[in-house]
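Trainee: Could you slot chain H onto chain B? The hints should help.
For the record, the sequence lines run as chains B and H. Each residue of the first sequence is one higher than the one before, starting from 1 at the first, in my numbering. Each residue of the second sequence is one higher than the one before, starting from 1001 at the first, in my numbering.
Read the hints as simulated data drawn from the structure, not as lab findings. Heads up, the beta-carbon is just placed ideally off N, CA and C, and yes, glycines get one too. Any given hint could be a false lead.
Label pairs and their in silico Cβ distance ranges [what the hints assert, rightly or not]:
id, chain 1, residue 1, chain 2, residue 2, range
1, B, G326, H, N1306, 50 to 56 Å
2, H, S1178, B, T49, 34 to 40 Å
3, B, D270, H, V1144, 32 to 38 Å
Chain by chain, the residues:
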Amino acid sequence: MIRIRSVSSWLLAAAIGAAEASCSRRVEERAAAIPAARPEDALVVTTITPARPGGSIVVGSLAEPKSFNPIVGSETSSTEVTYRIFDNLVELDCAESAYRPGLAKSWDLSPDGLRWTFHLRRGVAWADGAPFMADDVLFTFRAIYDSATASPDRDDLTSGGKPFRVTKADDHTVVIETARTFGPMLHVLATSAEIVPRHVWEASLAEGRMAEALGIDTPPDKVFGTGPFRLEKRETGRTVLVRNTRYWKFDQNGTRLPYFDRVLFVNTGDSNGWRLKFDAGEVDNYLVRPEEVDEMRARSGAGGYRVVDLGPRLGTIHFWLNQNPGRDAKGNPFVDPRKSSWFRDLRFRRAVSGAIDRDAIVQTVYRGYAVPIRGPISPGDPRWYNPEVPAQPYEPDRSRALLSEMGFRDRNGDGFLEDQAGTPVAFTFHTNAGNPVWINIGHLIESDLAAVGVRATLAPIDFNALVTTIRETYRYEGCLLSIASSGDPASGTNVWLSGGASHEFNPRQESPATEWEREVDSLVAASLSTADYPERKRLFDRVQVLFAENLGFIYLVSDEIHLAIRDRFVNLRPGRLRAFHNVLWNEDEIAVREPR
Amino acid sequence: MIAFVVRRLLRLVPILLAVSFLSMFIISLAPGDYLTALRADPQISQGTVERMRREFGLDRPWYVQYVLWLERAVLHGDLGESFSFRVPVSALIAERVANTLLLALTSSVFAWGIALPLGIAAGAYRDTWIDRLGSGIAFLGVSVPRVLLALLVLYVSVGSGLFPAGGMKSAATYDLLSPWGKALDVLWHLIPPAFVMGVSGLAEVTRQMRGHLLDVLGADFVRTARAKGLPERTVILRHAARNALNPLITLFGFTLARLLSTSLIVEVTMSWPGLGSLTLEAIRRQDLFVVMATLVMASVLLVIGNLVADVLLAASDPRIKAIA
Chain B
1 MIRIRSVSSW LLAAAIGAAE ASCSRRVEER AAAIPAARPE DALVVTTITP ARPGGSIVVG
61 SLAEPKSFNP IVGSETSSTE VTYRIFDNLV ELDCAESAYR PGLAKSWDLS PDGLRWTFHL
121 RRGVAWADGA PFMADDVLFT FRAIYDSATA SPDRDDLTSG GKPFRVTKAD DHTVVIETAR
181 TFGPMLHVLA TSAEIVPRHV WEASLAEGRM AEALGIDTPP DKVFGTGPFR LEKRETGRTV
241 LVRNTRYWKF DQNGTRLPYF DRVLFVNTGD SNGWRLKFDA GEVDNYLVRP EEVDEMRARS
301 GAGGYRVVDL GPRLGTIHFW LNQNPGRDAK GNPFVDPRKS SWFRDLRFRR AVSGAIDRDA
361 IVQTVYRGYA VPIRGPISPG DPRWYNPEVP AQPYEPDRSR ALLSEMGFRD RNGDGFLEDQ
421 AGTPVAFTFH TNAGNPVWIN IGHLIESDLA AVGVRATLAP IDFNALVTTI RETYRYEGCL
481 LSIASSGDPA SGTNVWLSGG ASHEFNPRQE SPATEWEREV DSLVAASLST ADYPERKRLF
541 DRVQVLFAEN LGFIYLVSDE IHLAIRDRFV NLRPGRLRAF HNVLWNEDEI AVREPR
Chain H
1001 MIAFVVRRLL RLVPILLAVS FLSMFIISLA PGDYLTALRA DPQISQGTVE RMRREFGLDR
1061 PWYVQYVLWL ERAVLHGDLG ESFSFRVPVS ALIAERVANT LLLALTSSVF AWGIALPLGI
1121 AAGAYRDTWI DRLGSGIAFL GVSVPRVLLA LLVLYVSVGS GLFPAGGMKS AATYDLLSPW
1181 GKALDVLWHL IPPAFVMGVS GLAEVTRQMR GHLLDVLGAD FVRTARAKGL PERTVILRHA
1241 ARNALNPLIT LFGFTLARLL STSLIVEVTM SWPGLGSLTL EAIRRQDLFV VMATLVMASV
1301 LLVIGNLVAD VLLAASDPRI KAIA
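This is chain B alone, in the form it adopts within the complex (with noise of 0.2 Å):
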């Protein structure tokens, strides 16, 4: 009798179920006819050329997405996805280098510096119709800070190592308190914390399995947000995604942002499969290599495309040799003290510095399409770069007189130089295996350094070995890496400060070693104690001219960045702070030229 009542309730529930499903169907499919309600606080730009909507765009890919997840997701393949489907308080500009309103139409910072009110925009909706409210912002913090995420964007949320305090004041304000004064707040709010529907995944939070929601089998009906685009279809090697006809934007005429009907990523898996798509008219961007740029440049007309110049990446290349006084469990010392004492002498580092040719590896690694750099920060970035900081000038002769100041001659005729024990002044520098191009730049420092008498020898190995050597075992004299940058300073603390575990050249120190790093430590603490802008560029100004003179790190180059877009599509505005598709960071704005 049990079983049997159980049995018709479940045939029941099945068939209310089946009913509801077909009822919201409908629904669905009349909010689609109709066109959503024009929120309160629309935003409506003006910056752009009104254009007809319609049309779409195929985006190459170097990989597939991992996640649909704006809280786990880190690589640029699958941020660069969720980066159109989901919207943050707070949106940057690249173009203008500039903070924009994003779901948050204001902001306001208490006397105290402390404490930040973001007004959210009234009206808008998530692509589903269900109101966006300060409870979806207070959810996705929870979601980030929760332990079992595990999310990267964590770290950049963080205030002298204390997660915010995130409250609601009312349903379209928040409140967001910081343990203390937090300088990059509008930068971390641009590029970490995209906000994600409760409604959909509260359940997940509560299992503790927030990092595997949002993943790539997730039904693409549930994988949407406020942003311009919606998930419609995702299968291996290609991602579709729809206008969002509830998006809260709108151009001067009053049609709703974006023009777009579909974006499209492909995986192209390389960049040769990259560019020959692109060359095909199969995709609509291609990221141009250095060796490329002329010959693509030539051929732009005829191929009904342009190649947008972006100038210099964020990033720096950069050389260093272990300082690190340290011993391993065994008590050896990471690396032989009397190369030690050479490698902590500003003497021997300035000698290899000025021996470095940064304008031959500009020319013959990258075509002419780098710069050489001075100091940590590179000329691309427009809002923290110092001009000021001296120059590395290339002066071999300095070189030569400087290492014969600190006493090494070539005493037995070999064309290198020996110290005064006879030891070779030698040492080996590592650098990715995988990367040809820093291999390039080894070699070109190789033989600058044998012209002043230094024997240098590259040892590339691979990647995960490297990152091994430099951050665990420290056994290593000279390693040549990149460093990318986020954008804002305060995010590499970790490389700024004499304590921190990316401070390369001498990690983790428990008390600064020298008087610059010292000055750096407070430097940088002030620096994040305010949220004032040009007092927070005076003091990182002073960094870069510390780190530039005391190099611990050499810098020697930033590459160009270089892109191709097809012709057709109009309100493109270049800009080169985000990490990837420079071209398209502002893809609502864009539309075809002519929609067919």
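Mentor: Same frame as chain B, now just chain H:
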């Protein structure tokens, strides 16, 4: 026969155990792990990396990880979760395996369909133009590296505009096509990679077929058949070729086993959305359980390939059946 198959399948168990154990051991010898790349990122703190390491179970020694993996695999049929995708490995593989099989099957049909007649013709008309043509194709096919051939085919495809620049579907238009249009679109994309993958197999099979046929043609029973006055066509096709086929069946078993590794290069170069690119990326990033699953799958294919070859051999040659 059934007992034979069951016995062979039972033998899979120790093989799989050994393969998976050795794989895990060898992977553990490689420097670093999946999280090493994250550690190099100055924006991610050590604390976060440690948290992820615990979450992934990478903080345990490799043999403990192996036992836990084995337990889940045997008791729940769960091959683990991919670190980078955060979804079950089986789902990742299920999604791609059909694409790889489609490519492998098409290229095999292409290779064997041409190679067998060509090899027989080359053997039967030894030292004539057809033999030299067959040898020429075979030497080219064996000696041109597959990566080079794949790139060459891609450039020719794009240059001539006859075929697409890799991939499996037309990105922008596929969804708008009719079912027949979709099938044609996939076929159009399939031809270049299937050709590249088929060429080396074709070369190998042609050479083998020719060689074995020539061996057999010198045998007593062929002389007898000819002496009986049978037409040359019957002598070659019914008697000689049938007997020359045995070693090729073994070869067929091996090709099945090698499917995964052969398709890897072609799939990656021509961006075919199969298991190849998944495997390569997983190895590069030390996405442990994806690597384990692919290795286990490759060994299953090897055993099954050999089994199929043996069963086919028994079917074509009564002498082998008697022994088994």
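Trainee: Take the hints in turn and mark each one as holding or not.
Mentor: We went through each hint and held it up to the structure:
no., hint, verdict
1, G326(B) with N1306(H): 50 to 56 Å, "55 Å, holds"
2, S1178(H) with T49(B): 34 to 40 Å, "37 Å, holds"
3, D270(B) with V1144(H): 32 to 38 Å, "20 Å, violated"
In summary, the one numbered hint that this structure violates is 3.
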